[in-house]
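Colleague: Sequence:
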Amino acid sequence: MPSTEPTLPTTAPTWLRPGPPPSPFYTRGELHGLTGITHYRLGDPEKAEFHTHRCIADLRIDQHRNRAYYLSQAALAQVAQGDVEQAVATATRVIAPTGADAGRVPHLLGSFTSALNQAAPQSAITRDWNDRTRTA
94 MPSTEPTLPT TAPTWLRPGP PPSPFYTRGE LHGLTGITHY RLGDPEKAEF
144 HTHRCIADLR IDQHRNRAYY LSQAALAQVA QGDVEQAVAT ATRVIAPTGA
194 DAGRVPHLLG SFTSALNQAA PQSAITRDWN DRTRTA
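Going by the numbering used here, the first residue of the sequence shown is number 94, and it counts up by one from there.
Keep in mind that the hints are not guaranteed to be accurate.
[Stated by the list, open to error] Here are the computed distance ranges between Cβ atoms for each label pair:
1. D224 <-> Q179: 12 to 22 angstroms
2. R197 <-> T228: 19 to 29 angstroms
3. R158 <-> T228: 18 to 28 angstroms
4. L124 <-> R220: 32 to 42 angstroms
5. R225 <-> R197: 32 to 42 angstroms
6. I154 <-> F118: 25 to 35 angstroms
7. L124 <-> A217: 10 to 20 angstroms
8. L124 <-> S216: 32 to 42 angstroms
9. Q215 <-> T120: 21 to 31 angstroms
Since the hints were derived computationally from the structure, they do not count as laboratory data.
Even glycine gets a Cβ: it sits at the ideal position worked out from N, Cα and C.
I would like the entire structure built from these sequences, with the hints used as guidance.
Modeller: Right, dumping it as structure tokens:
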């Protein structure tokens, strides 16, 4: 008995074939990073941190800007969990090696600074971070 489902010829373009679309642009690391951002925005910083660290571990060595971006995301997730010392240690890795001066990383570091000042306004580590960012 013939199938009632239509079949596509094997020469059909990939986007017409059934199944998930191919995503050669995104590496496994990038997909973890996007998942981490989603969890952060949904208010789940623990899962966000998990996925951003998986992302960072899976990024290719030449993905410096992506690494800086996802390190910034990890720092935001850490400060959202109240782990301000680890968050500052993570964010410090972004400033020194990358030297990013424009784009989304400085924006995220600004968001991190705001979150840090809200989470621990009187702590020495916050004062040190604020001094560091003023001179960077």
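Colleague: Hint by hint, which ones does this structure get wrong, listed from lowest number up?
Modeller: 5, 6, 7, 9
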